[in-house]
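Asker: Sequence:
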Amino acid sequence: MKNTRIMAVAAAAALALGLSACGGGASNTGTGSGTGGSGGGSSAQPAADAAIGKIFNASDKKGGTLRFGMAGDWDSVDPGDTYYGLSWNFLRNYARTLVVFKAAPGAEGAKLVPDLATSLGKPSDGNKTWTYTLRDGLKYEDGTPITSKDVKYGVARSLDKDTFPNGPTYFNDFLADVPAGYSVFKDKNLDNLKSIETPDDKTIVFKLKTAFSGFDYFAQLPSTAPVPQAKDTGTKYKEHVISSGPYKFSVYQQGKRIELERNTNYDPATDPESGRKALPDKITVELGLNAPDIDNRLQSGGLDVDIAGTGVQAESQGKILADPTLKAKTDNASAARTWFSVLNSDVAPLDNIDCRKAVVLAYDKTGYQRAYGGKTGGDIATSLMPPNVPGHLDMDLYNFASKPQGDVDAAKAELAKCGQPNGFETNISYRTERPKEKATAESLQQSLAKVGIKLTIKPYPTADYTKLYAGKPDYAKANKLGIIVYGWGADWPDGFGFLSQIVDSRVIRPSGNTNLGIKVPAVDAGIDKAMAENDQTKREEIWGTVDKSVMEAAAVIPGVWSKGLLFRPDTITNVFVNDGFTMYDYAAMGVKQ
Numbered sequence: 001m002k003n004t005r006i007m008a009v010a011a012a013a014a015l016a017l018g019l020s021a022c023g024g025g026a027s028n029t030g031t032g033s034g035t036g037g038s039g040g041g042s043s044a045q046p047a048a049d050a051a052i053g054k055i056f057n058a059s060d061k062k063g064g065t066l067r068f069g070m071a072g073d074w075d076s077v078d079p080g081d082t083y084y085g086l087s088w089n090f091l092r093n094y095a096r097t098l099v100v101f102k103a104a105p106g107a108e109g110a111k112l113v114p115d116l117a118t119s120l121g122k123p124s125d126g127n128k129t130w131t132y133t134l135r136d137g138l139k140y141e142d143g144t145p146i147t148s149k150d151v152k153y154g155v156a157r158s159l160d161k162d163t164f165p166n167g168p169t170y171f172n173d174f175l176a177d178v179p180a181g182y183s184v185f186k187d188k189n190l191d192n193l194k195s196i197e198t199p200d201d202k203t204i205v206f207k208l209k210t211a212f213s214g215f216d217y218f219a220q221l222p223s224t225a226p227v228p229q230a231k232d233t234g235t236k237y238k239e240h241v242i243s244s245g246p247y248k249f250s251v252y253q254q255g256k257r258i259e260l261e262r263n264t265n266y267d268p269a270t271d272p273e274s275g276r277k278a279l280p281d282k283i284t285v286e287l288g289l290n291a292p293d294i295d296n297r298l299q300s301g302g303l304d305v306d307i308a309g310t311g312v313q314a315e316s317q318g319k320i321l322a323d324p325t326l327k328a329k330t331d332n333a334s335a336a337r338t339w340f341s342v343l344n345s346d347v348a349p350l351d352n353i354d355c356r357k358a359v360v361l362a363y364d365k366t367g368y369q370r371a372y373g374g375k376t377g378g379d380i381a382t383s384l385m386p387p388n389v390p391g392h393l394d395m396d397l398y399n400f401a402s403k404p405q406g407d408v409d410a411a412k413a414e415l416a417k418c419g420q421p422n423g424f425e426t427n428i429s430y431r432t433e434r435p436k437e438k439a440t441a442e443s444l445q446q447s448l449a450k451v452g453i454k455l456t457i458k459p460y461p462t463a464d465y466t467k468l469y470a471g472k473p474d475y476a477k478a479n480k481l482g483i484i485v486y487g488w489g490a491d492w493p494d495g496f497g498f499l500s501q502i503v504d505s506r507v508i509r510p511s512g513n514t515n516l517g518i519k520v521p522a523v524d525a526g527i528d529k530a531m532a533e534n535d536q537t538k539r540e541e542i543w544g545t546v547d548k549s550v551m552e553a554a555a556v557i558p559g560v561w562s563k564g565l566l567f568r569p570d571t572i573t574n575v576f577v578n579d580g581f582t583m584y585d586y587a588a589m590g591v592k593q
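Number 593 marks the last residue of the sequence shown (the numbering used here); no jumps.
To be clear, the hints were calculated from the coordinates, so they are not data collected in a lab.
Just so we're clear, the structure is a prediction, and the values are computed from it rather than from any experiment.
Ideal placement from N, C-alpha and C gives every residue a C-beta, glycine not left out.
Heads up, some of the hints might be wrong.
As the list claims (entries may be wrong) - Distance windows between CB atoms, simulated:
1) LYS186 - PRO292: 21 to 27 Å
2) LYS122 - GLU425: 25 to 31 Å
3) GLN254 - LYS477: 26 to 32 Å
4) GLY255 - LYS209: 36 to 42 Å
5) MET395 - SER213: 36 to 42 Å
To be verified - In silico BS3-like links for lysine-lysine, alpha-carbon gap of 25 Å or less:
6) LYS61 - LYS128
7) LYS122 - LYS161
8) LYS417 - LYS548
9) LYS61 - LYS592
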């Protein structure tokens, strides 16, 4: 893991939360208990890393078509209904938010800067009230002006989790006095949402029920992109999002193709701080591709970027790293991300902690790592929260270091404790279009069979994974999805930004969940304790104990602390890893002319 990435993450947290980048968990930047060296991996030399911390092939030349490819489909291109990191990165091309991660390499890319707003938020009332002022001259693609009421409406519509189940729940959880079951489609009078005020067309004020010093991280969420109420078509809005950014949709074919063209009503003069380049004349995204085919097309010049941003597939890594010409086009980027699997406490017998412990003890850690490409794909995780998130606590509660291929005897002892001495049967789910997740499920199936735990593999489409299947508690329980393969990157780099949406049982809703079955009272209590702690060092220590509580409850198979071998063809310019998204920056790239 590169120190520049670690310090960028720590610096970002310090900037927005008023913390010291050198204090507390920011110094815990090792690889846990040293298990990262275990397991499979290529013996080839490391990646070139020419686009990490710096710009590769810098250029301001405009023109051409930037071509993205994706295995599977988006959750949604609607800014109020999306939770994939690739989407948050990409949508900066067509949607502007109050603030944004700057399009820049290194530590600069992890900084929040004003976008629609003239400055970062101005707090009052002990960080319970936050005020933003919009810039002059902001327009939609049709030339109509963007107002503070449009931003309020964008946030307000995202509160309706029945209509828009995919996005985060931060505004639902923190805004004061939001009526139960609130929906802009039922109550079209925005004045009734009193926790967001718009005293004039330039000013928007957010009122919180709980003080939160990092509210600017909420203000960068896609849901603060403006939406004109008169043109909102609900679930169909994704078919034509009204652009506030440098590009607008010209083609939207769900599951097949997206095309963006220049938005002639976007004025770069209103966008002096975001770092957007708007270099290509056109941007295309091919959807529903085969993941290995994307790797091949990147190498042959048939595509420019794999939009997933998590790196080439395991079967491509050896070939690429063994070829000096191909290796020179790679960046092995560390992410504030963990590839893990949830042990769903709604599904018997995994509602029993001893049965969950049996799974954690029995699985082959090296097999999980191999599914993500060995050491190039990441380090074996001994806890949920990765080392480059401030507050990380080194721990190895299940002896992963000494028995990385699993502890069969200890697992059988736990099975006896939970009344399943001969093992049990359950289902394991993964996202269909993700070969690494398929390999994970197969590895778990093989290793758990050694202690009598029989897994039946169930693939589901990426676009609806959390909406209709693994993230829908009733479905997951009825279909006995006992193990749910998943992954999570920090919404922003601190314990709250990483943990809250995946371990707090109180964020679980009827569908669209990112907490896929973790219900641990000690975890919920720890989150509340951290939120109430103003001292930075103490708060980060609490986040470490929250992570420890997750592991003590055997709520997850921690899997891999992520790295990705990113591939950049010769066809693209202005390439760098944005540390705010931990993938290539999709608002700065250009095309070689």
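Asker: Against this structure, judge whether each hint is valid.
Answerer: Here is how each hint holds up against the structure:
no., hint, result
1, LYS186 - PRO292: 21 to 27 Å, "46 Å, violated"
2, LYS122 - GLU425: 25 to 31 Å, "56 Å, violated"
3, GLN254 - LYS477: 26 to 32 Å, "29 Å, holds"
4, GLY255 - LYS209: 36 to 42 Å, "39 Å, holds"
5, MET395 - SER213: 36 to 42 Å, "28 Å, violated"
6, LYS61 - LYS128, "44 Å, violated"
7, LYS122 - LYS161, "28 Å, violated"
8, LYS417 - LYS548, "22 Å, holds"
9, LYS61 - LYS592, "8 Å, holds"
In terms of the numbered hints stated before, the structure departs from hints 1, 2, 5, 6 and 7, listed from lowest to highest.
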